[in-house]
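Given these sequences and hints, build the entire structure.
There are 2 protein chains.
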Amino acid sequence: MNSKIYELTDLIDKDLAEDIYTQNERKELANRIKPMLSADAIVLAQANPIPGNVKYNALKAKKWINWAELLGVKTIIFPETFLMGIPFGDYMLKFPVVVEECREWLEAIAQTVKNTKVIIGFVEFNNSDKGKKYYNSVAVLSDEKIERIVRKTLLPNYSELNDYRYFESSPVNSQNRITDINGRKAGIIVCEDGWNDFDFFDRNLYNVDPVETVVNEQHPDYLINCSASITRAKKEQLKHNMLSFAAKKHHTPIVYVNQVGSADCVSYEGAGRIYGKNGELIYRAKSYEEQFFIADVFDCNGKIYPLPNGLEKTLNSQKEFTLDHEPDLERTYKTIIQSIRDYFKKTGFKHACLGLSGGLDSTVCAVLLTDALGKENVFGISMPSKITSSESKNDARDLASNLEINFLEVPIGDMFNVTREKFDNMFSQIEEKWDFRYKQSFTNDNIQARSRATILWGIANEFDRCLTIATSDKSEAYMGYATINGDMSGGYAPIADVTKTKLFALAKWMNENREQKNAIPQSIIEKRPGAELAINPKTGKPLLAEEALMPYEFLDEIIWRVENLNQSVNDMIDAEFLYEKENTLSKEQKIEWLEKFFRRMSTAIYKWSILPPSPIVDARSINKAEYHQPIVSSGINYKKTSFEEKLSMLNAD
Amino acid sequence: MNSKIYELTDLIDKDLAEDIYTQNERKELANRIKPMLSADAIVLAQANPIPGNVKYNALKAKKWINWAELLGVKTIIFPETFLMGIPFGDYMLKFPVVVEECREWLEAIAQTVKNTKVIIGFVEFNNSDKGKKYYNSVAVLSDEKIERIVRKTLLPNYSELNDYRYFESSPVNSQNRITDINGRKAGIIVCEDGWNDFDFFDRNLYNVDPVETVVNEQHPDYLINCSASITRAKKEQLKHNMLSFAAKKHHTPIVYVNQVGSADCVSYEGAGRIYGKNGELIYRAKSYEEQFFIADVFDCNGKIYPLPNGLEKTLNSQKEFTLDHEPDLERTYKTIIQSIRDYFKKTGFKHACLGLSGGLDSTVCAVLLTDALGKENVFGISMPSKITSSESKNDARDLASNLEINFLEVPIGDMFNVTREKFDNMFSQIEEKWDFRYKQSFTNDNIQARSRATILWGIANEFDRCLTIATSDKSEAYMGYATINGDMSGGYAPIADVTKTKLFALAKWMNENREQKNAIPQSIIEKRPGAELAINPKTGKPLLAEEALMPYEFLDEIIWRVENLNQSVNDMIDAEFLYEKENTLSKEQKIEWLEKFFRRMSTAIYKWSILPPSPIVDARSINKAEYHQPIVSSGINYKKTSFEEKLSMLNAD
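Each protein sequence line maps, in turn, to chains A and B. In terms of my numbering, the first sequence opens at residue 5 and continues consecutively. In terms of my numbering, the second sequence opens at residue 5 and continues consecutively.
If you're looking for bench data, these hints aren't it; they were derived computationally from the structure. Every value quoted in this text rests on a predicted model; they were computed, and no experiment measured them. Hints may contain errors.
Unchecked claim - Here are the simulated lysine to aspartate or glutamate pairs, DMTMM-like style, with alpha carbons at most 20 Å apart:
no., chain 1, residue 1, chain 2, residue 2
1, B, Lys149, A, Glu649
2, A, Lys59, B, Glu584
3, A, Lys531, A, Glu551
4, A, Lys98, B, Glu599
5, A, Lys137, B, Glu630
6, B, Lys437, A, Asp94
7, B, Lys189, B, Glu164
8, B, Lys643, A, Asp94
9, A, Lys59, A, Glu22
10, A, Lys349, A, Asp468
11, A, Lys134, B, Asp206
12, B, Lys59, B, Glu108
13, B, Lys239, B, Glu551
14, A, Lys354, B, Asp439
15, A, Lys591, A, Glu648
16, B, Lys134, A, Asp203
17, A, Lys239, A, Asp201
18, A, Lys98, B, Glu324
19, B, Lys397, B, Glu408
20, A, Lys354, B, Glu164
21, A, Lys137, B, Glu164
22, B, Lys59, A, Glu649
23, B, Lys238, B, Glu551
24, B, Lys137, A, Asp206
25, A, Lys397, A, Glu413
26, B, Lys307, B, Glu324
27, B, Lys437, A, Glu408
28, B, Lys426, A, Glu425
29, B, Lys243, B, Glu293
30, A, Lys643, A, Glu592
31, B, Lys591, B, Glu649
32, B, Lys643, B, Glu567
33, A, Lys443, B, Asp468
34, B, Lys644, A, Glu22
35, A, Lys189, A, Asp147
Here it is as structure tokens:
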């Protein structure tokens with residue numbers, strides 16, 4: 005495809021986003037593009053819907069379709085269930101009126117479709133008296149009618165995916181999946197239907213491979229996969245290899261249309277693409293941007309937009325823990341930026357306030373918010389207590405000044421004192437009735453964290469469309485090292501799925517790669533993390549997080565082994581940690597840290613359940629949109645015990 | 005069965021719960037019971053496991069098995085996946101060691117099983133290279149071996165149920181489901197496998213009825229259903245009718261063994277039972293209690309323990325909203341009591357503190373906590389502000405005194421003032437940068453609610469194994485009428501699935517039915533609810549909730565219609581509400597209230613996502629263990645629009 009065309013379609017993207025043209029200007033632009041189009045040109049509609057907001061999605065689709073018709077391309081292809089939006093929700097079951105609306109909007113759109121075939125996902129009623137209420141379907145619209153409806157066969161129900169909760173699985177019905185596009189036979193596949201190749205995967209979730217069935221029975225000229233595929237660490241490599249493998253194996257090009265945008269916790273990165281019949285990548289759309297992407301399956305000189313930097317490099321599936329996070333940092337950054345932006349936009353919020361402690365977590369959050377929302381929409385509040393060092397105060401102020409965000413210092417000493425005084429009095433009265441008072445407690449630490457959250461929520465209550473930000477990170481969430489109604493609390497938690505060692509790397513990366521260099525003061529990156537809520541009696545200085553927990557390098561490797569290798573305590577005792585290669589570590593100390601990890605993790609489950617929404621970034625997460633564990637399962641033993649031990653316990657009575 | 009036997013097995017229950025006997029005393033008691041046992045006597049092991057705590061569950065099972073062997077009964081039957089515990093959790097995927105442990109404990113138990121056949125649920129690895137990782141299985145243990153393993157076919161994935169996330173569906177394999185018990189052929193069914201009768205249900209979720217397959221192919225003498233069936237409003241009637249229908253239709257008795265106990269949000273009520281071959285109920289175990297329940301399928305003179313009062317009466321599936329909640333009150337009460345008790349016990353907590361406002365919500369919570377945990381373990385804190393009336397203060401004190409719980413009055417004026425002063429200063433500074441300050445805000449209201457939560461969490465931080473209690477109710481949760489980090493905040497939320505009108509009824513019911521009569525001061529039941537956080541400028545008195553929202557009677561009917569009839573706004577405009585029968589209501593006012601409901605509900609989704617765990621009680625709930633909705637779907641339109649409107653919007657450009 006003539007690469008000049010992409011300069012012009014960038015203007016279409018701008019018009020779709022901001023309505024910059026009159027109808028005449030559109031026609032004019034279309035007339036400039038038309039001569040460059042080949043007969044088999046198609047459009048991958050890489051668009052960002054809003055879950056459940058069918059009207060918004062339908063009117064948006066219509067704008068994209070109008071552009072396709074103006075250009076006279078043969079087809080425009082939207083992602084999976086574009087009309088309903090995704091991720092799905094129980095509102096579909098509770099308010100079937102929304103699904104009725106979805107069907108009606110589809111029919112209304114169909115009536116307006118003239119020369120360009122439209123392939124678009126929606127949610128359909130299952131009218132049978134058996135099975136789930138709905139189908140996850142793709143409609144082909146042409147000549148003012150619904151030409152056909154293709155129903156999804158394979159229904160994922162793992163991680164954040166929940167298709168089987170709502171949808172009935174359809175037989176493959178290969179013949180019905182074929183539609184004619186400019187005299188070519190295109191076979192339609194719906195997302196997961198394309199992810200069950202028996203040769204590619206060691207283990208298959210399902211017994212059918214719809215791709216194989218369609219190819220073998222119908223011999224299509226190419227396949228179209230309408231997807232809504234979530235970005236995760238290590239997923240790009242898997243996706244690329246699998247799609248390439250399938251195209252080559254079946255000697256059939258694959259057009260992969262993917263959604264872009266974020267919704268609560270899940271993010272879709274776009275990067276729709278086409279693989280040629282030898283498995284070669286011939287087109288790839290932009291990542292993390294909406295795009296009206298023109299391509300031609302039969303023209304191998306395609307445009308290949310870059311993936312986020314480093315991504316392709318790392319993606320040899322990582323078998324060992326490493327502190328070299330670099331290859332995944334741009335993807336991480338872009339995922340979080342898109343997540344913040346879409347969360348605010350789709351819920352109608354505009355402004356954010358957050359506490360600036362001068363520590364790493366709040367610093368990284370502030371930079372991300374600035375880039376996602378604009379500096380004028382961010383308010384950083386430094387809320388020092390008696391324990392806060394002057395260095396921290398200065399770091400917070402410097403950061404705000406570098407970022408040019410709004411800034412205020414609001415000391416919390418008075419709130420702390422009045423609460424502390426009240427508590428002293430109250431606790432001694434309670435102690436008369438309850439004699440189980442702790443000798444050492446976190447009460448004072450938590451008063452500080454809660455006073456700060458009270459201030460931030462006060463701002464959110466007082467100012468229009470303002471959301472508070474929770475600054476918890478993933479390493480601390482695993483350890484429950486966060487205060488309920490304190491730093492854990494907020495309307496959104498941008499970094500809750502980023503471990504501490506990765507956060508350090510991200511901070512450095514942002515200092516190097518953002519337009520404005522070195523916005524983060526070096527001292528913030530260099531200092532060792534600590535909440536500055538308590539004094540360590542041993543050092544006389546504010547307690548460091550690693551003193552309370554364990555070295556972050558070790559902690560993050562435990563998390564990595566749990567999430568990526570599903571290891572038990574015993575497995576980890578036997579394994580060699582990166583930390584051990586570089587430090588002396590006794591077996592006793594190692595076991596102590598491992599046991600501390602599992603003990604703390606077991607009692608952190610409640611905290612996970614009330615964490616605000618946050619972007620899922622890693623390969624696995626404890627985000628509640630993905631990970632479910634009963635809080636009362638805190639007694640699980642993550643260690644293996646011997647069979648003999650079991651027998652002897654059973655025979656003890 | 006001789007009813008005398010149940011007096012004696014009550015002693016077994018006591019021994020199982022509290023280890024009251026020596027081994028010799030056990031033998032003695034067994035010898036008294038044995039002569040009363042018929043040859044076909046079996047035991048329904050209505051026991052309460054802990055999710056994931058395989059060791060606890062295995063050792064518990066063993067104690068029950070020991071009793072069965074002492075008695076020499078032919079079989080003891082445990083509920084579904086008893087060894088793993090239920091509800092399931094992603095820990096099974098993340099830590100496969102737990103599933104390995106489950107299998108090993110099963111094998112170890114098998115080696116100790118002698119004369120009594122043991123039928124017990126567990127989680128099994130799927131060793132095939134296709135499908136989900138696990139099976140939901142029931143093992144039959146006999147003669148020191150695993151005699152057979154029956155795998156579940158139908159995998160529910162709705163409401164709180166998530167089987168399909170973890171388990172592969174097995175073909176019915178009817179022959180393998182038959183085990184010999186004392187020369188009789190018993191066919192084993194696993195929970196949902198028994199819930200797909202094609203004649204009973206108008207709509208079936210699955211295409212197979214394992215009950216029919218087993219009966220038709222194997223002609224068993226009776227069926228055994230190992231269940232973990234969750235209690236919900238209106239479910240008992242459905243369950244009774246269905247089991248009775250199936251027994252009669254197949255002319256085959258059904259033994260239904262059910263779990264008892266609660267875990268986080270879900271509750272199992274026990275009430276295991278046997279239906280004879282004509283569909284007649286011949287045995288029923290206790291509700292909401294662990295029970296070693298002896299029965300005999302072939303002896304129709306069974307013991308039938310009562311269901312919670314009123315339950316059978318109401319359960320003719322209710323087609324209209326009513327304020328007569330009476331028939332479901334004892335079940336509601338028992339569900340919440342069991343939920344609180346098990347949540348505390350299974351997570352290792354013992355004491356609770358809560359704010360006592362003198363209002364209905366905190367009052368009902370206090371009574372429930374007293375009954376669940378014991379009065380000495382409850383601390384009620386009255387935290388009056390300037391707005392709090394002396395009547396409210398007195399009501400709180402009287403309630404605490406009646407309940408004999410610990411009580412303290414801790415005024416919050418000083419916390420409020422210091423925060424308010426800080427806010428005044430801070431807001432005017434912020435206003436210089438952000439000009440979107442609300443003229444009227446909830447900021448002051450929320451300072452009060454948050455100061456109170458800070459006090460309660462302080463107590464929980466300072467005193468051993470103490471949990472704070474969130475007092476939000478269901479009507480207010482729907483409306484988002486609760487303060488983040490305020491009354492919404494807590495370790496557990498006992499009444500979050502109880503609507504306001506039902507709470508009033510529950511309060512009256514408790515006054516009449518608890519051992520201690522009228523513990524709740526009449527004035528609390530009579531006063532109209534209000535948070536006493538703000539003054540209504542129109543009345544000069546504290547703002548009432550119904551002034552801010554709408555009449556609770558109307559609000560609760562909307563909720564009822566949404567949850568039970570899945571109605572849209574349009575459906576409700578056309579329907580006649582109970583409130584309309586008794587009050588004059590203009591169409592404009594009705595539409596205004598309906599629109600307010602959907603507007604407020606749409607922005608409350610975030611609050612639902614951070615609500616603490618709470619018992620699911622109603623037929624449907626917004627508890628996040630059951631109900632999932634993306635927060636960004638706040639733009640859903642719950643109204644139907646006409647096709648013409650849609651067409652004209654599409655053609656607008």
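Here's how the hints hold up against the structure:
Taking the CA atoms of B/Lys149 and A/Glu649, the gap is about 19 Å. The hint holds against a cut of 20 Å. Distance restraint check for A/Lys59 and B/Glu584: the Cα-Cα separation of roughly 32 Å exceeds the 20 Å cut-off, and the hinted pair is therefore not satisfied. Proximity of A/Lys531 to A/Glu551 is assessed by CA-CA distance (about 14 Å); at most 20 Å being required, the pair is judged to hold. Restraint check for A/Lys98 and B/Glu599: the C-alpha separation of about 17 Å stays at or below 20 Å, so the hint holds.
Among the hinted pairs, A/Lys137 with B/Glu630 is consistent with the structure: their alpha-carbon atoms are about 17 Å apart, no more than 20 Å. Only pairs whose Cα atoms come within 20 Å are accepted, and B/Lys437 paired with A/Asp94 is rejected, the gap being roughly 40 Å. Proximity of B/Lys189 to B/Glu164 is assessed by CA-CA distance (about 34 Å); at most 20 Å being required, the pair is judged violated. Our distance criterion of 20 Å between C-alpha atoms is met by B/Lys643 and A/Asp94, whose separation comes to about 17 Å.
Restraint check for A/Lys59 and A/Glu22: the C-alpha separation of about 18 Å stays at or below 20 Å, so the hint holds. For the hint pairing A/Lys349 with A/Asp468, the CA-to-CA distance comes to about 14 Å; that is within 20 Å, so the pair holds. Of the pairs offered as hints, the one joining A/Lys134 and B/Asp206 holds, with about 9 Å between alpha carbons and a cut-off of 20 Å not exceeded. For the hint linking B/Lys59 to B/Glu108, the alpha-carbon distance of about 10 Å falls within 20 Å, and the restraint holds.
Between B/Lys239 and B/Glu551, the direct Cα distance comes to roughly 35 Å. Violation of the 20 Å bound is thereby established for this hinted pair. Pair hint A/Lys354 plus B/Asp439 holds up; C-alpha atoms about 13 Å apart against a cutoff of 20 Å. In summary, the hint linking A/Lys591 to A/Glu648 is not supported, as the alpha carbons are separated by about 25 Å, beyond the 20 Å threshold. About 12 Å separates the Cα atoms of B/Lys134 and A/Asp203, which keeps this hinted pair within 20 Å; it holds.
At most 20 Å may separate the alpha-carbon atoms for a hinted pair to count; A/Lys239 and A/Asp201 meet this at roughly 16 Å. A distance of roughly 18 Å separates the Cα atoms of A/Lys98 and B/Glu324; the hinted pair therefore holds under the 20 Å criterion. Using a Cα cut-off of 20 Å, the hinted pair B/Lys397 and B/Glu408 holds, with the two alpha carbons roughly 16 Å apart. Simply put, A/Lys354 and B/Glu164 have alpha-carbon atoms about 34 Å apart, too far for the 20 Å limit, and the pair is violated.
Our distance criterion of 20 Å between C-alpha atoms is met by A/Lys137 and B/Glu164, whose separation comes to about 17 Å. For the suggested pair B/Lys59 and A/Glu649, the alpha carbons sit about 11 Å apart, so the restraint of at most 20 Å is met. Annotation: proposed proximity of B/Lys238 to B/Glu551 is violated, straight-line Cα distance about 32 Å (limit 20 Å). In summary, the hint linking B/Lys137 to A/Asp206 is supported, as the alpha carbons are separated by about 13 Å, within the 20 Å threshold.
Under the criterion of a C-alpha separation no larger than 20 Å, the hint pairing A/Lys397 with A/Glu413 is consistent with the structure, at around 9 Å. For the suggested pair B/Lys307 and B/Glu324, the alpha carbons sit about 34 Å apart, so the restraint of at most 20 Å is broken. Taken as a hint, the B/Lys437 and A/Glu408 pair is honoured in the structure, with Cα atoms around 12 Å apart against an allowance of 20 Å. Between B/Lys426 and A/Glu425 the alpha-carbon distance is near 18 Å, which keeps this suggested pair within the 20 Å criterion.
Taken as a hint, the B/Lys243 and B/Glu293 pair is honoured in the structure, with Cα atoms around 19 Å apart against an allowance of 20 Å. With a C-alpha separation of about 16 Å, the suggested pairing of A/Lys643 with A/Glu592 holds against the 20 Å cut-off. Restraint check: the Cα-Cα separation between B/Lys591 and B/Glu649 comes to about 23 Å, which exceeds 20 Å; the hinted pair is violated. This hinted pair checks out: B/Lys643 and B/Glu567 have alpha carbons roughly 16 Å apart, not beyond 20 Å.
With a CA separation close to 10 Å, the supplied pair A/Lys443 and B/Asp468 stays within the 20 Å bound. Pair hint B/Lys644 plus A/Glu22 does not hold up; C-alpha atoms about 28 Å apart against a cutoff of 20 Å. Of the supplied pair hints, the one linking A/Lys189 and A/Asp147 holds, its CA atoms being roughly 18 Å apart against a limit of 20 Å.
Violated hints, in rising order: 2, 6, 7, 13, 15, 20, 23, 26, 31 and 34; the structure is consistent with all others.
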